[in-house]
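Colleague: Here are the chains, one letter per residue:
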Amino acid sequence: MRREKIACSHCHLEFSPDVMIEQKAGDERLYFCCKGCQGVYNLIHDQGLERFYERSATVPLTPQSRHLEESSRFDAPAFMAQFAKSKGELLEIALVVEGIHCAACVWLNEKVLHETDGVVEATINFSTNKAKILWDPTQIKLSKIIDTIRAIGYDAYAYDPKVSENKNSTVRKEYFARLIVAVFASMNIMWIALAHYAGYFTGMDASIKTILNVAEWILATPVLFYSGWVFYRGAYYGARNGFVNMDTLVATGATLTYAYSIYATLTQHGEAYFDSVSMIITFVLFGKFLEVLSKKAASDTLDKMNRHIPMEVNKVASDGTITAIPLHSVEVDDVLEVRAGERFALDGVVIEGETYVDESSLTGESVPVWKQKGDSVISGTNALNGSVRMAVRSTFENSTFAKLVRMLEESLDKKPAIERLANRLSGRFSSTILFLAIMTFIVWIAPWGVDATFERTLMVAISVIVIACPCALALATPVATLVGVSLGAKKGVLFKEAAHIETLAKATTLFVDKTGTLTYGKPMVVEQIDFAPIEESIVASMTAQSIHPISKAVNSYCESPTRGHERFVSHAGRGIEMIVAEHTYWGGSATFLREQGVAIPDEVYEGLHFWVARDKELCRLYRLEDTLREGAGEFVDAMKRAHIEVIMLTGDTLHNAQAVANAVGITTLHAHLSPDEKAALVKARRAISEGVVMVGDGVNDTIALASADIAISMGHGADVAVDTSDVVLLHDDLYALQEAFVVARRTYRLIKQNLLLSLLYNATTIPLAVSGYIIPLIAALSMSASSLLVVGNSLRIKWKG
Amino acid sequence: MSDWVVIMMLGASILLGVFSLIAFLWGLKHNQFDDHERNMNSVLFDSTEDLNDAVKREAKRKSYETKSKG
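The listed protein sequences correspond, in order, to chains A and B. All residue numbers for the first sequence refer to this note's numbering, where the first residue is 44 and numbers rise by one. All residue numbers for the second sequence refer to this note's numbering, where the first residue is 77 and numbers rise by one.
Just to be clear, a hint being listed does not mean it is correct.
Computed list of lysine-lysine pairs in DSS-like fashion (alpha-carbon distance at most 30 Å, straight line) [said to hold, decoys possible]:
no.	chain 1	residue 1	chain 2	residue 2
1	B	K132	A	K533
2	A	K539	B	K132
3	A	K216	A	K187
4	B	K136	A	K683
5	B	K105	A	K565
6	A	K184	B	K136
7	A	K175	B	K105
8	A	K48	A	K416
9	B	K132	A	K331
10	A	K128	B	K105
11	A	K187	A	K154
12	A	K659	B	K138
13	A	K154	B	K136
14	A	K216	A	K416
15	B	K105	A	K539
16	A	K154	A	K173
17	B	K138	A	K539
18	A	K128	B	K138
19	A	K416	B	K132
20	A	K187	B	K138
21	B	K136	A	K659
22	B	K138	A	K795
23	B	K132	A	K130
To give an idea of the interface, some chain B residues facing chain A are shown, with a C-beta separation under 7 Å as derived from the structure [claimed, not checked]:
no.	residue
24	I83
25	M84
26	R114
27	E134
Using C-beta positions, here's what the derived DEER-type ranges look like [said to hold, decoys possible]:
no.	chain 1	residue 1	chain 2	residue 2	range
28	B	A135	A	A302	53 to 63 Å
29	A	D190	B	K132	41 to 51 Å
30	B	E125	A	V392	42 to 52 Å
31	B	G93	A	P353	35 to 45 Å
32	B	E125	A	D160	13 to 23 Å
33	B	A130	A	Q796	53 to 63 Å
34	A	Y648	B	N117	33 to 43 Å
35	B	Q108	A	D362	41 to 51 Å
36	A	E135	B	H112	33 to 43 Å
37	B	Q108	A	S474	23 to 33 Å
38	A	N85	B	G93	52 to 62 Å
Hints in this document: simulated from the structure, not taken from any laboratory. Since the model is a prediction, treat every value here as computed from it, not as a measurement. Where a beta carbon is used, it is the ideal one built from N, C-alpha and C, also for glycine.
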């Protein structure tokens, strides 16, 4: 019989009433799932903040039964020096508040903090849960503030805003401001230009034309010198390093057009092209802004990696007392205690206790490994359900985890700058144009040449540069990639930088991780073999007791509901024992059941097993396998058709890897690899061929991902893997991965077409300009036409898709 | 149409636009666009009590500012 479940008055999670704490409040009865929730509820109530519950409605909150570290460490001078910033007599700190679920949580935190004496300002960002707190150190200590946040059921930890996003977001903001100014001015110039062109055809007074020109001049000035500043900067750095780049071209083109237009305005000779100046700056800046938006911050990735390691460890002294000491002061042979749920910070050997360890960060395999006395544990792995004591075998600097982080750091630093086709072209293109302009000038002014007046000569020379103004060339790549990126996003492929499309299109080799990429990464029941009848509900309630992935998989396979309260004994690491009426049920590995005296057939079954027995009688076997993702075979086929070599990398055994490889049709595979061996293979391949792509999902793939030309990760993969990647598959879908290649290739083809179009345009107009036949109308029309052609051509990516 | 009218129209409309541009840039500089969700949610917190809180907050901040200056 199942009893009605009741929601906890604080956290709204539902439990059956007999396990809950009851409290009478007036006529009402309140139920709490734990002491923590009760405490928080009463505190909120006493402070008169019940409206929090009205506002949070029934959003489930985090129950308050957690073990929190001492808050006194927040007052340590070293901590203060690192994180707190002094503002006059006040101090400011950036915190991440954990446990925020909804707007009401933010409201509660801000409200409580503001009512605390000494806190001058507290603002919490709704989207990132990051808080900025300004406080008076003479009135309140930081630890007290943290305690206040904890008292109402949240937790906070400090982060250093200087390191991670601040620098990035200021750059973003700067570009955004520049872009907004450029867009604003361009839009206004556009409608003035409309009047301008209308007047050109229907005729207008010279005075009106000058007024329009001056208005455009005023608007174009901030665009060129404020928004366009980035191009001057880029051109300057390029010049200092001795090469001509796209920035040089944009800067010279825009500046000369601007100068020429001022000349035309003042002398009232010829046409002004302020609209072209602002247009090109706006368009190319927009492309740059998109790149800045998607720039990855290496520091962010490393921060996330480091969060995998506790900064303090619990050292067990010889007399048995436990003290928390900083990670860096641990020495070899120290004994540490690692509790359930904590991570091993250092490499060592278990000397007491037993636990499951999640080693997925090293092997990629999600099935936890059972560790007991004598087994070695590796830093960065996670103790799941038991506490152990370990003897340290290496200092932090020499630990496996520290080595991984160092390698990742190196790989991220060495990540090659992608050389883009347009960049290569534009360098040569702009030097050619500059050379041509100078030659034109010489030929026109020379007595042995055309022998024109100085003014006429200057006009012709500038017209060469103006007509060659690389609008179309500069737009060719950004517009096409922009369309490609948005098309990708629609299909669940997120390109972090537009430039990656080009590299992906040139891919020749694809390294693919097995677990979690080609397969789902967790075991699933594929077969059920019955030896004797047994109720499924028994299996369901038995497996509900364990956190082991095999147990979980069997549990989700069972359709029957779990039964009520039974007696369980969990033999951690091996199996579960359950007593129902007069029967004892056993579930677990073959070894475990044999120990209980159950006869297990000698027959060999593939994959992972979960055996179930009643008393001494064997009842059922569940066979589990990590199944292939949908579309894995088709994906590999498609890659082969596209002449991309597919190589499988895995930390798993050769036997398992071979089975998967055969099923999808991969011929080259490397099994039993450590994270750095994976990276080494990727690097070796990159030395001999271009366009090396790596697809992965786990922490163990991170270094390999960082070593590849293009890294693709599954959207639900580990944070660090997603951060390191250039392309993210939002739906963990191999069809989307295939789509990524298709979109990239189609986009690249269009980029090439665009470049060809713009070069063709220049090839026809420049001779005309050099020979002095360019009349203003043609210049204006052809400039817009070439840009429109390129934009129009780029949009074809969408129509085809 | 006299030139003067054209100048006035151009000047006035661009100036209006520039005002809003400056307002936007000011907001951007003062972190008003950092939190996309706050403004959407702020509609939930506009009762008398919330407004009183906001005033109290402001007063508290002011008092600290004058104290640290003086």
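Colleague: Would you check whether B/M84 satisfies its interface hint, that is, whether its CB is within less than 7 Å of any CB in chain A?
Modeller: 11 Å, violated
Colleague: Straight-line Cα separation of B/K105 and A/K539 no greater than 30 Å?
Modeller: The given pair, whose Cα atoms are some 26 Å apart, holds under the 30 Å limit.
Colleague: Tell me if the straight-line CA distance from A/K216 to A/K187 falls inside 30 Å.
Modeller: Status violated; Cα separation ~34 Å.
Colleague: Taking only the CA atoms, is the gap from A/K128 to B/K105 under or equal to 30 Å?
Modeller: 20 Å, holds
Colleague: Holds or violated: A/K128 with B/K138, Cα cutoff 30 Å?
Modeller: It holds: about 20 Å lies between the C-alpha atoms, which stays within 30 Å.
Colleague: Using the C-beta atoms of B/A130 and A/Q796, is the stated range 53 to 63 Å upheld?
Modeller: Holds: the Cβ-Cβ distance is about 57 Å, inside 53 to 63 Å.
Colleague: Holds or violated: B/K105 with A/K565, Cα cutoff 30 Å?
Modeller: 47 Å, violated
Colleague: If you draw a straight line from the CA of A/K154 to the CA of A/K173, is it 30 Å or shorter?
Modeller: With Cα atoms ~16 Å apart, A/K154 and A/K173 stay inside 30 Å; holds.
Colleague: Given the hint of 33 to 43 Å, is the C-beta distance from A/Y648 to B/N117 inside that range or not?
Modeller: About 55 Å separates the Cβ atoms of A/Y648 and B/N117, which means 33 to 43 Å is violated.
Colleague: Is the interface hint for B/R114 satisfied, with its Cβ closer than 7 Å to some Cβ of chain A?
Modeller: 5 Å, holds
Colleague: Taking only the CA atoms, is the gap from B/K132 to A/K533 under or equal to 30 Å?
Modeller: 47 Å, violated
Colleague: Could one say that the CB atoms of A/N85 and B/G93 fall in the range 52 to 62 Å?
Modeller: 56 Å, holds
Hints 1, 2, 3, 4, 5, 8, 9, 12, 14, 17, 19, 21, 22, 25, 27, 29, 30, 31, 34, 35, 36 and 37, counting from the list given before, are not met by this structure.
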